[in-house]
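Trainee: Listed in order, the protein sequences are those of chains A and B.
Just so you know, we're using this note's numbering here: the first sequence kicks off at 1 and counts up by one.
Just so you know, we're using this note's numbering here: the second sequence kicks off at 1 and counts up by one.
Some hints could be false.
Identical copies go unnamed one by one, so any copy, or any two together, can satisfy a pair.
Here are the simulated lysine-lysine pairs, BS3-like style, with alpha carbons at most 27 Å apart [as the list claims (entries may be wrong)]: (1) K68 to K223; (2) K68 to K219; (3) K68 to K132; (4) K47 to K223; (5) K219 to K39; (6) K223 to K132; (7) K223 to K75; (8) K39 to K68; (9) K75 to K47; (10) K219 to K47; (11) K39 to K431; (12) K75 to K431; (13) K219 to K75; (14) K132 to K47; (15) K132 to K219; (16) K75 to K132; (17) K39 to K75; (18) K68 to K47.
Derived by calculation from the structure, the hints in this document are not laboratory data.
This one's a predicted model, so the numbers in the text were calculated from it and none came from an experiment.
Number of protein chains: 2
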Amino acid sequence: MNDTRDPNAPDSMSEGVETGVISPGFIAQFIGAVGDGDKPYLWRTVKGLHPADTADLLEHLPPEAFRKAIHLLGKDLPAEAVAELSDNMRLEALHELTDAAVTAMIGHLDSDDASFLLSDLEEDRRVRILSKVSATDRAAIESSLSFDDESAGRLMQRAFVAAPVFWSVGQAIDHMRSVSDDDLPDTFFEIYIVDPAFRLQGSVPVSRLLRYSRETPLKDIMKDVPVEVRPEMDQEEVAYIFRQYNLASAPVVDEAGRLTGMITIDDVVDVIQEEAEEDILALSGVSEAGVNQSLFSAVRARIPWLLVNLLTAFVASSVVSLFAHVINEVVALAFLMPVVAGLSGNAGSQALAVSVRAIAERDLEGPLVRRAIRREALTAMINGTIIAWSAALIVLLWFHNPTISIVIGLSMMITFTWAGLVGILAPLTLKRFGADPAVASSVFVLTTIDMASFFVFLGLASLMLL
Amino acid sequence: MNDTRDPNAPDSMSEGVETGVISPGFIAQFIGAVGDGDKPYLWRTVKGLHPADTADLLEHLPPEAFRKAIHLLGKDLPAEAVAELSDNMRLEALHELTDAAVTAMIGHLDSDDASFLLSDLEEDRRVRILSKVSATDRAAIESSLSFDDESAGRLMQRAFVAAPVFWSVGQAIDHMRSVSDDDLPDTFFEIYIVDPAFRLQGSVPVSRLLRYSRETPLKDIMKDVPVEVRPEMDQEEVAYIFRQYNLASAPVVDEAGRLTGMITIDDVVDVIQEEAEEDILALSGVSEAGVNQSLFSAVRARIPWLLVNLLTAFVASSVVSLFAHVINEVVALAFLMPVVAGLSGNAGSQALAVSVRAIAERDLEGPLVRRAIRREALTAMINGTIIAWSAALIVLLWFHNPTISIVIGLSMMITFTWAGLVGILAPLTLKRFGADPAVASSVFVLTTIDMASFFVFLGLASLMLL
Chain A
1 MNDTRDPNAP
11 DSMSEGVETG
21 VISPGFIAQF
31 IGAVGDGDKP
41 YLWRTVKGLH
51 PADTADLLEH
61 LPPEAFRKAI
71 HLLGKDLPAE
81 AVAELSDNMR
91 LEALHELTDA
101 AVTAMIGHLD
111 SDDASFLLSD
121 LEEDRRVRIL
131 SKVSATDRAA
141 IESSLSFDDE
151 SAGRLMQRAF
161 VAAPVFWSVG
171 QAIDHMRSVS
181 DDDLPDTFFE
191 IYIVDPAFRL
201 QGSVPVSRLL
211 RYSRETPLKD
221 IMKDVPVEVR
231 PEMDQEEVAY
241 IFRQYNLASA
251 PVVDEAGRLT
261 GMITIDDVVD
271 VIQEEAEEDI
281 LALSGVSEAG
291 VNQSLFSAVR
301 ARIPWLLVNL
311 LTAFVASSVV
321 SLFAHVINEV
331 VALAFLMPVV
341 AGLSGNAGSQ
351 ALAVSVRAIA
361 ERDLEGPLVR
371 RAIRREALTA
381 MINGTIIAWS
391 AALIVLLWFH
401 NPTISIVIGL
411 SMMITFTWAG
421 LVGILAPLTL
431 KRFGADPAVA
441 SSVFVLTTID
451 MASFFVFLGL
461 ASLMLL
Chain B
1 MNDTRDPNAP
11 DSMSEGVETG
21 VISPGFIAQF
31 IGAVGDGDKP
41 YLWRTVKGLH
51 PADTADLLEH
61 LPPEAFRKAI
71 HLLGKDLPAE
81 AVAELSDNMR
91 LEALHELTDA
101 AVTAMIGHLD
111 SDDASFLLSD
121 LEEDRRVRIL
131 SKVSATDRAA
141 IESSLSFDDE
151 SAGRLMQRAF
161 VAAPVFWSVG
171 QAIDHMRSVS
181 DDDLPDTFFE
191 IYIVDPAFRL
201 QGSVPVSRLL
211 RYSRETPLKD
221 IMKDVPVEVR
231 PEMDQEEVAY
241 IFRQYNLASA
251 PVVDEAGRLT
261 GMITIDDVVD
271 VIQEEAEEDI
281 LALSGVSEAG
291 VNQSLFSAVR
301 ARIPWLLVNL
311 LTAFVASSVV
321 SLFAHVINEV
331 VALAFLMPVV
341 AGLSGNAGSQ
351 ALAVSVRAIA
361 ERDLEGPLVR
371 RAIRREALTA
381 MINGTIIAWS
391 AALIVLLWFH
401 NPTISIVIGL
411 SMMITFTWAG
421 LVGILAPLTL
431 KRFGADPAVA
441 SSVFVLTTID
451 MASFFVFLGL
461 ASLMLL
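Between the sequences and the hints, there should be enough to build the whole structure, so can you do that?
Mentor: This is the structure we're talking about:
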């Protein structure tokens, strides 16, 4: 074969993989091969890469090359690589692939990943593909899809290892040696012990199973499961349990206590990452983001908050307009009012970020709430005092007007305290009413701080200066 | 014993544990027992709880009761519970415990957790305690402490299972059955295959080991390790590798490729959580936060950003002062200038949050950078156009002055585009110079947007209105 490309592409990448970056040269080479329709090169490259790296490589391609690469690879594209693609690109890849290719991929995946892929498809295509997979896979996938998005039921896989409570270590090991690979999960960290009605009795970590002699009864070495995970449970709750109890996997049981699935840490790690990201974005008023997000969806993810903010900004500016006569009298107030509003707004953002984080960490519960509110109020008052009188000093040096200096000092002390209180009370209140504390808090917190700043500062000015 | 307290406390908590909350009644009961010095009750309660729940319970106590509880429990306090406490409370607990109690705890922990606890102590106390633990433990802990904070070397534990490459499955299992529990890690998910010089050759997941017959040579079933983790590696890099390759554990090798330790997912989950939280807080100008953070440290964590912001706010307000004559002429400009600055600032925060998140996710690398910058610029221009002319319409309806309306429309289009560009370019530039993109970006982005807003809006106004 007359191939001028590096015959050992994956190896040439080892350096790239180490730093988590696919090298630009490697990407360029791959794009060249896609352009030439060089299937054997694409196939060899993908075969030599970890599926996660294949997904990274594909995400770095320009849209046209991406579609062509998916098309050329077809059913040779590893199912795991497709599952690792970012949302938009996964949708596009599935769109590009034939039904036969998608069906083959579904067969290779654990049921949680399979239903994850299928949930992206239009109803009729999903039905068509499901009709072609094996009956067992179909049942597992359909039951998974019957649970809500972001529930434990969606995260869990149907393949797990269960052993009757009366078995010994040896019987469990012999069982695992005898069943076919297809009937076992790819990797698992514990086996579950069940009674004859398949009710969960306990679990034995695989590393524990190995340490005991073949005759040891499983029930002598099994451990209690610290918390029950139910399929309806929200994925955020699942993530909390995994973190709290340092779990690598957890059984999922139905309302009768029967074992129905298993959740593994890799899926939970993605949830933890997603939830943290959602909070970061929500605090800045962005509903979603991602590499390769389309322009349209980037605009759509950000415009709602800006539109709300447009209204609140004019409400705040109407507060300023109430004091037009004061500003006409003392134009310096116009220079200073953004200082008051801006600094108080930042103090509010600080309190908000701390509170949203603490709520997500479940650190704001029970008796800790009152302590946290007191701390926020005091912190705001102390910082407010320091900043307010520093600002007052700067103003005094600038305008040589002690009254304006006192006005800015007093008003900042008040607005800082307000900022600290609203920064913790707004998310706590939203949470109490079942809303996401991160999403709506920013609007409310920043708007009320702006209004309070303008009102207090200009109001005090009109009382003391006119 | 005349004990009116719920004799079965931990069970009564099962509901509390399920929702991750230790019930207020249970806490009150525990506080009562602490007050009475009822050691047996405390001891029974702690024994019945998962260490993570014990840590939660202790964190919910008022400071006085916390210290007394630690004192009463002494060496009966599980080492794992102390390791799970938040930073401040762990320090306080260690302060309250005797050297003998801490020494006993160290002996119960894996080396990563043991060095984690010891790293909190003052030098001389650490030396004193280390001199009392076993020589093996001491060597492991000292070597761990020799690595930087936040490095792979600190995350890794010294206990792992290694097998020579020429062993069979049966030999590996027999080895694990014969060694004492103390020489094996509490839980492990894979065993490592080494050559005679202890250089890492591959790994065999424990669940894979179980599926093969006793005669199978390990080298036939071992897998390549996807990426080498070195002890000097930053923990953020380690977290990235775990997420990218869906790992539950990873071997750590030295520069000669020799196996030196193992990192497990539970430690990495904490890192992922911490790093995401650091970004949330940093974007709002908070350097650290936590449940039970002291007032002093809360003030100290927030005042630096406010002080910097104090200066930048006055710089921005001096821009406004350049246009005092325009504001004197048209006081409406004073109402509107916070609208321009506020909305553009929010557009900048959106771009910043998206970029900081993408950088943390390693989505902003190679050819994706140019695409992302183009998308941010276009998104800002589109949103800027929509918001700018909506604002212009509101202004027209409010002031019936088409010129002011055009001034606000034009200036917002310009400042939104600026906000979008600086929101992505600032963190990218900081990252290129090796700084944390989240920390310093906010200051720079918001200050330049404020200044640009005031300058463009008031400048255009002075050109078009005077």
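Trainee: Hint by hint, which ones does the structure fall short of?
Mentor: 1, 2, 5, 6, 11, 12, 13 and 15
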